[in-house]
Amino acid sequence: MNNQIPHESVNKATKHVAILFFIMPLIGSLFCIALAIAVFIGWYTHNLALIQILPDLVPMQYNTALGFLLIGAGLLISLLKLPKIGGIIGFLAAVLGLLTLIEYIFALDLHIDQLFMNHYITVETQYPGRMAPNTALCFVLSGLSLFWVCIKSSIGKRIYIVTTLNCIVAVLGAISFFGYLMDFSTLIRWGAMTNMAWHTAFGFLVWGISAQLAITFFSIKHNLDLRLMQPMIAFFLSMFVFILLWQIVIFNESKGIRLTMKNVSDEISKEFQDRLKTEFTVLQRLSSRWVINRGTKHESWMVDVNNYLTDHKSIYSIGWINTKGDLTWNVRNNSNNIPGHSLWPDEKNLLSNEAKRNKTYIVSKQFSYNKNNYFVAYFPIRGKDYFDGYVAVLYNFENLSSSVISNVIFSEYNIQILSNNKIIYSPPAHRATSLKKYWSVVSNFKKYGKQWTIIVWPSWELLQDNRSWASFCILFCGLIFSLIVALLFKIKQDLSNEKNLLRSSNNDLESFSYSISHDLRSPLRHIVGFIDLLKKEENANLADNSKRYLNIISESASRMSALIDGILMLSRAGRKEMSKTFFPLDELISEVLTDLSPEYHERQIEWSINELPTIYADRSSFKLVMQNLLSNAIKFTRLKDPAKIMVSCSTSGNYNKICISDNGAGFKSEYTNKIFTLFHRLHKESEYEGTGIGLANVERIVRRHHGKVWAESELGQGATFFVLIPSNNNEVIL
Amino acid sequence: MSTRKILLAEDDDRDSELTITALREHKLTNEIDRVADGEELLEYLRCEGQYTDREDQLPVVLLLDLKMPKIGGIEILRILKNDEKLKQIPIVVLTSSQEDTDLKECYELNVNAYVVKPVDFHHLIEAVKEIGCFWGMYNRPPYIDD
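Chains as they are written, first to last, in this note's numbering: chain U, 1317 to 2050; chain C, -19 to 126.
By construction, these hints were calculated from the structure, which means they are not laboratory data.
Just so you know, not all the hints are guaranteed correct.
Some chain C residues judged to face chain U by a derived CB distance under 8 Å, without partners named [as the list claims (entries may be wrong)]:
1) -8
2) -4
3) -2
4) 63
5) 76
6) 97
7) 99
8) 100
9) 104
Computed from a prediction, not measured in an experiment: that's the story for all the values here.
Yeah, the Cβ is synthetic: ideal placement off N, Cα and C, and Gly gets one too.
Build out the structure end to end from the sequences listed, making use of the hints.
Structure, rendered in structure tokens:
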């Protein structure tokens, strides 16, 4: 972020591409505005298709449309070169979103939900008129993104933040949108609060992409490095894919759970109906026996009833309503400890003629007393020309329901039973009711003149048991993977920046050495030249010593020139681009020897040049290496007669090892490493001339070939120099 | 055939003195004219400015330094190459630069020779003498009216 070098490709961005990056966000922002206006029209003209698309879907709230109007207009105005105004509009949108979020988080009602429009759509939502929490979040982020463009901070930082915000908005929109495409239930119901409407999701996706294109256009115009955005975009694209995968896995898991719950719900309702049917059939015998016997004695009644009560714990009491409508012979079930009271509702109408004609049982409405729910089943004691009242059985709902639900089901699921929409059985208070809204499966049936509803939802334990680690792993791995991808992009960018820096630094060095080659040599030339002229002019008048002084000055200048040449060559060798090729080494050696011939043409040198192979190297710089080494061999054998110089090369595996040995002055082995140091010499200038640059140059060039150079020698017994270089493209660093 | 002049384009006075001294060592019959920068060179060749009164005669050889103020050597070469009349002038680039790029560019701009000024004065004298001799005496320039 610190080094923003205008990237070359940005400068080459054609006009067409730049215009594309302007037109597309323009269209996107207009789309958002059009979307908002369409939804406004829908709300005002009660056109449900515009608001909901399909009847069962969540509508786009009025406030949402307002938000889209703001962010669409904000983006449009920013594109039209008024980013400050766009930022203010964006800020308003963010405030709208933020207020809604505050309402959710702190469970407040700030009265903004239906501020502009009453919510009259019938799709059940928890808070009428209020946008979904993810919608509110998206407005906060998109508004913030518009606002942040104007904040006074470094452009790089601004781009990072704005890109992040745009990506989050686009991803949130895309996930909901894809959720709709795949299935309606999983992705958009955050805790079953109001869903993000389908066109809301699409709107955010469009806005997010448009805003990002707008920022890209802004970057192109300001000649910024477009690659700044790459890590963020890569991260969010990757996260989007993984979140989608995660949602698919969760969806499949929940599908399984829901299926099981449906079975449980059906099972319970069946069990419930069977139980009641069985019990009523059994209880009917009481009245049947009464009819057959034309009455019953109190004692036998007591015995029978007590038997029944012992067997059926859900019965609270059994009594007899006589023909006058009074409850008598009431026996309470002692095995329950509900405090005693006469609980019978006033059912005098049971004695109406119409009711008397009823042959089958009648089930009363439920009623509650002391927070318990009860109902009564009346079994008419009725035969041909005989009516003796009713056997009245008082049922306790809770007891009845608990006896229907097995322990297994009770432990794994939460069951709620409603009769005529009134809750008659509910799980204990500490059981997870928060799961109910999202997970509940409902079974309905009609029986005994009532509407029964059985609602099943899982317990926390069941959910956790069924939650495999797969979904969590996917999300976690996705996060790690996305971070790695983003990091890789960032590293690639940084490396590229470094490379550009190095290249420009290299270019600086090039012009520097160019200067040296001109500017430093000129004064040297003048020194040497004019001293010579002076010597010529004053030859007769100069004393020997004076002449000697002048010679020293002249030679010093020449030496300086040689040093400069050496340094220049050294730097050039280090900088130059290597272009390696295969070439015959013997040809190169002959060339070098021809070039060096002035240095030895008056001397006797015995050359032994063995058969030399083809080697793989940068020809021009390697020539310098050979030149230096052979020149040294020639130089340091000056005092030997005959001078012997041998050149050989051996190949093994991936390497070529070239040896140049001579029988010259040699050097002590303890100096083996030092001789490759720049300017380091082992002799005085008067013994053997030299700059101390040659071997340093050799070492540098060989190192750039990923090779090694070293020497072996004994004082007075010559020296052998070894050069080891890779013989082919498979570079190995030694 | 009137002896044409040798034209030396060199900004550095000392280099110029050395070169001219070296040329004169050989006692060439050609006169030596010197210009100090690119602009002056063009004025000389076109007989403009301070050289309006100069006889319109092209030099037998132009010894050109690359690093000159106002208009540099490479640019001069480009200008000369594009001029119908002036592109005939034989040019010897006499410069301190050993840069490959300069070498390549000069030959692409059709110079006749590229000589690097040696530091050693003796070598300089030798080089310049031989150049002067060859171009001044032996070589025939392409000017038809000679």
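Consistency of the hints with the structure:
no.: 1; hint: -8; verdict: 6 Å, holds
no.: 2; hint: -4; verdict: 11 Å, violated
no.: 3; hint: -2; verdict: 4 Å, holds
no.: 4; hint: 63; verdict: 27 Å, violated
no.: 5; hint: 76; verdict: 5 Å, holds
no.: 6; hint: 97; verdict: 6 Å, holds
no.: 7; hint: 99; verdict: 4 Å, holds
no.: 8; hint: 100; verdict: 6 Å, holds
no.: 9; hint: 104; verdict: 7 Å, holds
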